[in-house]
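Q: So the chains spell out like this:
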Amino acid sequence: MTNHWIDLKNSDVLLIMGSNAAENHPISFKWVTRAQQRGATLIHVDPRFTRTSAKADLYAPIRSGTDIVFFGGLIRHILDNELYFKQYVVDYTNASYLVGPDYDFKDGLFSGFNPQTASYDRKKWNFVTDDKGVTLKDPSLKDPRCVLQVMRRHYARYDLKTVVNVTGMPEDKVLAVWNSFASTGRPDKAGTILYAMGQCQHTVGVQNIRALSMIQMLLGNIGIAGGGVNALRGESNVQGTTDIALLCDNLPGYLPIPRATWADYDAYVKAGTPVTNDPQSANWWSNLDKYAASLLKAMYPTADHKEAYTWLPKIDDTKVVEYSWLSLFERMYNGGFKGAFVWGQNPCAGGANAGKNRKAMATLDWTVVVNLFENETSLFWKGPGVNPKDVKTEVFFLPACMSVEKDGSVANSGRWLQWREKSARFMGDSMSDGDIVIRLFEEVRKLYKAEGGKHPEPILNLDTAYLKDGAYDASALARRLNGTFLKDVTIADKQWKAGQQVPGFAALQADGSTACGCWIFSGSYTEQGNMMARHDRTQTPEQAAIGLFPNWSYAWPANRRILYNRAGVDQAGKPFDPKRAVIAWNGEKWVGDVPDGGWKPGEKLPFIMVREGRGQLYGPGRVDGPLPEHYEPFESPLAGNPLSPQRVNPTALHFAHEEKAVRDPRFPYVCTTYRVTEQWQSGTMTRKTAWLKEMQPDGFCEMSRELAAQLGVRNGDQVVLESVRGKVQVVAIVTPRLKPFTVMGETVHQVGIPWQFGWGQKKNATFDSANLLSPSVGDPNTGIPETKVFMVNVRKAPSGKQG
Amino acid sequence: MSENKGKTFFIDQTRCTACRGCQAACKQWKKLAADETVNTGSYQNPPDLNGHTFKLVRFNEVEVDGKLKWVFFPEQCRHCLEPPCKMMADAFIPGAIIQDEVTGAVIYTEKTKELDYQTIREACPYDIPRKEESTGLLTKCNMCIDRVRAGMLPACVKTCPTYTMHFGDRDEMLAIARARLAEVQKASPAALLADSDLVRVLYLCEVHPSHYHHHMVADAGNASDRIGPFSRRALLAMRPLRTG
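Sequence order for the protein chains is A and B.
Going by our numbering, the residue at position 546 of the first sequence is 546; the numbering climbs one at a time, nothing skipped.
When you read off a place in the second sequence, starting at 1, and then add 1000, the result is the number in our numbering.
Bound conformation, chain A alone:
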């Protein structure tokens, strides 16, 4: 989230799209309903009428996988009708930047495409610069090469008729949503967009989010109270684990992952540090060397950080998604691994194409499953259709503690690091993840010491001083993540002693004199103590006006509660909307939230994390194009793409040997997957909780009355869903909450199925995981699987049979 949960109450129009917030983030509705009580409009755009839609003032159905068509149309609508916030767009976005002559878009492809490698040469999308290297601009926004005009041309194809035809959303609904949301493009109005996996889990997932971010920039909705781009994070602590590098493309604090071609530290810093010649740009990533050196010193405090860099693992100079989830399972499936640790996950039920994952697991010599309970993954060797005698894999199960059985921080969607103390003693032989990791690591280190091994330095030298009385101490790690001075240092006339905690990331040094495990967490555990454990409601009147509690927990970065808040004020520091100011310049200092950098008004541009300081309507950094473009999902009811001759995202992650259902009469229905309130993730925990299981016991398939009539299915009947990859049997929920779509003049039926159930749930269960159906295709930037849309057949289960 750029903003935070409480801030939802400040909004005038809330667009929930790609999320079922009422069901999957129930607490969010504490604040959504408060906004509604103030008179705000709640809009829900979703293929299915859900518990969120039930509370919405306006519900609009959309065919899964067509979000960019809807957003592209809205961008065109905003531009055509001059509904954008002009001052914001000119001052704070790159709308005025001139795009270079090599940029082009033709037949669904941007310039620079190489069909052999299925990738783009992104240099073709560069801006034009002057002789000092500063990007040329036209603040009048009239130059045909300026971003705004490029956008106008790009989205000219996304007219109302096309949007209606492709998305299947009725025209009156399209216009109602567009007009309502675009009404926030005024300084005194705030609109927010809430999304979750419904935007992410697509082969155009990143571009979906780019598109909605562009709308928020056009309307001046980023950096203000009640605005923002708000990803609702699911699994607690997915935000925190992402911050400390759960993903394959980064190191803690979103530093880039080292690559083999960046052989030494200096090469890494050079490649990772963006350079700007624009004096108004803060270009915050120019501090990368301080954060990288401090991270290396946090891991190897006594080593030279440049030497320590050479010990880090490095990825080959290839597409980063080749290290992501789907690629790992593809490699495992092909026998590319001997063993695997499966930690707090359930790929044999919760992972896309779970049937493939089950087969992949069987190629391993061994696997270690770390979880609270046994699940479909730890038990894969005796799952449906598997003869244990045929499985060579040795499975080790390590029981882990639950979150309430250990101390530590959890980062919520609003980036609040909230400290929790353990409230129950762990059971039996279970251990905290920290203890499991450290013990495993020390055993490996012992073996290295005794027997030697390849590349020993990173193992032998790693600092693991996080034990207290023989057990893992979360506070010790939290202190290291905040950062510590390793030498006596003087910063701005203030003396710091070796061993003291750094006060924040501004104190981190590039010379190895500070150690910090995650620079964005710096400030969370200082000499004043554990800032994450604060429960102080003190606030100033300015903060009280927008529900901001700066002394409650700690928000990264720098305890800033609303990101990019300098974009919410004009060049003189005056809030665009004084009634709900996030920050304001009072003539001497900023009041309200922690500003995005303490410079005086107008000194620096507000989007400090991007190289040129302005919000990127045109974003040349993504691998699949500088502007979001609609491509059909890999599996689709359409043979082509109504927007261009290019059917699917040409750069998407997929495995050519795997069949896809494209306008395939065997698989005529669009299917999407989702979660229910009552179950959690793949259900490993909640399927064991009788009161929850009682409420939502089985997998089900929601379908329209129209489709059910066509199939002869009655409500409550057993039905079989089948895709190219597998089949599952579930209960049919026949409901008016799903309706057939009219797409390109044809009727398209969509069904939906929750994925939180599986065969390991109860004895003699007839049903299995919805992910037996979903495909191994993913977004080219992140590798996230396209589990939100694929094609299936649905039929009534053979009568009288439960199995």
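Since the hints were derived computationally from the structure, they do not count as laboratory data.
Treat the hints with care, since some could be wrong.
[Claimed, not checked] In silico DSBU-like cross-links for lysine-lysine, where the CA-CA straight-line distance does not exceed 30 Å:
(1) A/173 with B/1067
(2) B/1030 with A/30
(3) A/173 with A/739
(4) B/1067 with B/1186
(5) B/1031 with A/422
(6) B/1067 with A/30
(7) B/1031 with A/688
(8) A/132 with A/142
(9) A/173 with B/1069
(10) B/1186 with A/579
(11) A/688 with B/1131
(12) A/338 with A/449
(13) A/688 with B/1158
(14) B/1030 with A/422
(15) A/688 with B/1030
[What the hints assert, rightly or not] From chain A, some residues computed to sit far from chain B (all C-beta separations above 10 Å):
(16) 249
(17) 303
(18) 334
(19) 382
(20) 535
(21) 543
(22) 726
Note that CB positions come from ideal geometry on N, CA and C, so glycine has one too.
With chain A held as given, fit chain B onto it using these hints.
A: Frame of chain A; chain B shown alone:
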């Protein structure tokens, strides 16, 4: 007890998202058993109240003025001001059903084992009482009387994330319920507080009560709503004869 004294729930159904936190919290606090259910083609589960399910969120898909609505009804005992179940029970086993003097909570005791289940169930205008087969007791919500006496909110109210569930002194609840109703009526003129003069659970209905459930109000006007010569509502509004 004066009808403006004691405790009352206010349940603002315009805010209910059917997260069912209340349903789970009720079972958790009271340590009630869960059944091995199956999906019957609805999110509503268990399908009905039972001897160990005192709070049940009902889901109904209805069309109102041409618009699809999915309405949610977190159902529970209404703790009638003059409870017919108690009146009926008193005729057979005095003390089997009692009314707490301080809160007005209607409480089923161990002696409900001796009552005729169908007689008591049929006496309830809202069809709430159930029999727990494992113990023979008649059961329903007891207003979390143990919590309330200890100064805590009922478990369902405590857990509600959306401010659907409120609990407090009756006059205060009536005041906020009426204020909220006036607010909701601006956009939904048909909104009403169901049987607010008769019960300690004030349900704010945005659409006609029958859309939520057959027994949302005491008298839906059907023949089946009549017990002998009286409609259920008339029975409910009767005052027991008092002496002195």
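Q: Look at each hint and say if it fits the structure.
A: Results for each hint:
Under the criterion of a C-alpha separation no larger than 30 Å, the hint pairing residue 173 of chain A with residue 1067 of chain B is consistent with the structure, at around 13 Å. Between residue 1030 of chain B and residue 30 of chain A the alpha-carbon distance is near 25 Å, which keeps this suggested pair within the 30 Å criterion. Of the pairs offered as hints, the one joining residue 173 of chain A and residue 739 of chain A holds, with about 14 Å between alpha carbons and a cut-off of 30 Å not exceeded. Distance restraint check for residue 1067 of chain B and residue 1186 of chain B: the Cα-Cα separation of roughly 18 Å lies within the 30 Å cut-off, and the hinted pair is therefore satisfied.
Pair hint residue 1031 of chain B plus residue 422 of chain A holds up; C-alpha atoms about 23 Å apart against a cutoff of 30 Å. Annotation: proposed proximity of residue 1067 of chain B to residue 30 of chain A holds, straight-line Cα distance about 25 Å (limit 30 Å). This hinted pair checks out: residue 1031 of chain B and residue 688 of chain A have alpha carbons roughly 16 Å apart, not beyond 30 Å. Taken as a hint, the residue 132 of chain A and residue 142 of chain A pair is honoured in the structure, with Cα atoms around 23 Å apart against an allowance of 30 Å.
This hinted pair checks out: residue 173 of chain A and residue 1069 of chain B have alpha carbons roughly 16 Å apart, not beyond 30 Å. For the hint pairing residue 1186 of chain B with residue 579 of chain A, the CA-to-CA distance comes to about 26 Å; that is within 30 Å, so the pair holds. This hinted pair checks out: residue 688 of chain A and residue 1131 of chain B have alpha carbons roughly 27 Å apart, not beyond 30 Å. Distance check on the hinted pair: residue 338 of chain A and residue 449 of chain A sit about 23 Å apart at the alpha-carbon level, within 30 Å; holds.
With a CA separation close to 24 Å, the supplied pair residue 688 of chain A and residue 1158 of chain B stays within the 30 Å bound. Distance hint between residue 1030 of chain B and residue 422 of chain A is fulfilled; the C-alpha atoms sit about 25 Å from each other, no more than 30 Å. Restraint check: the Cα-Cα separation between residue 688 of chain A and residue 1030 of chain B comes to about 19 Å, which is no more than 30 Å; the hinted pair holds. The Cβ of residue 249 of chain A lies farther than 10 Å from every Cβ of chain B, with a closest approach of about 35 Å, so its non-interface assignment holds.
No beta-carbon of chain B is positioned within 10 Å of the beta-carbon of residue 303 of chain A; the least distance is around 49 Å. Its beta-carbon lying about 38 Å from the closest one in chain B, residue 334 of chain A satisfies the requirement of being farther than 10 Å from that chain. Look at residue 382 of chain A: its CB is around 22 Å from the nearest CB on chain B, clear of 10 Å, so calling it non-interface holds up. Separation of residue 535 of chain A from chain B is adequate, the least Cβ-Cβ distance of about 19 Å exceeding the 10 Å criterion.
For residue 543 of chain A, the shortest C-beta to C-beta distance to chain B comes to about 23 Å, beyond the 10 Å cut-off, and the non-interface label holds. Consistency note on residue 726 of chain A: stated as away from chain B, and its beta-carbon is indeed over 10 Å from all of that chain's, at 21 Å minimum.
Violated hints: none; the structure is consistent with every hint.
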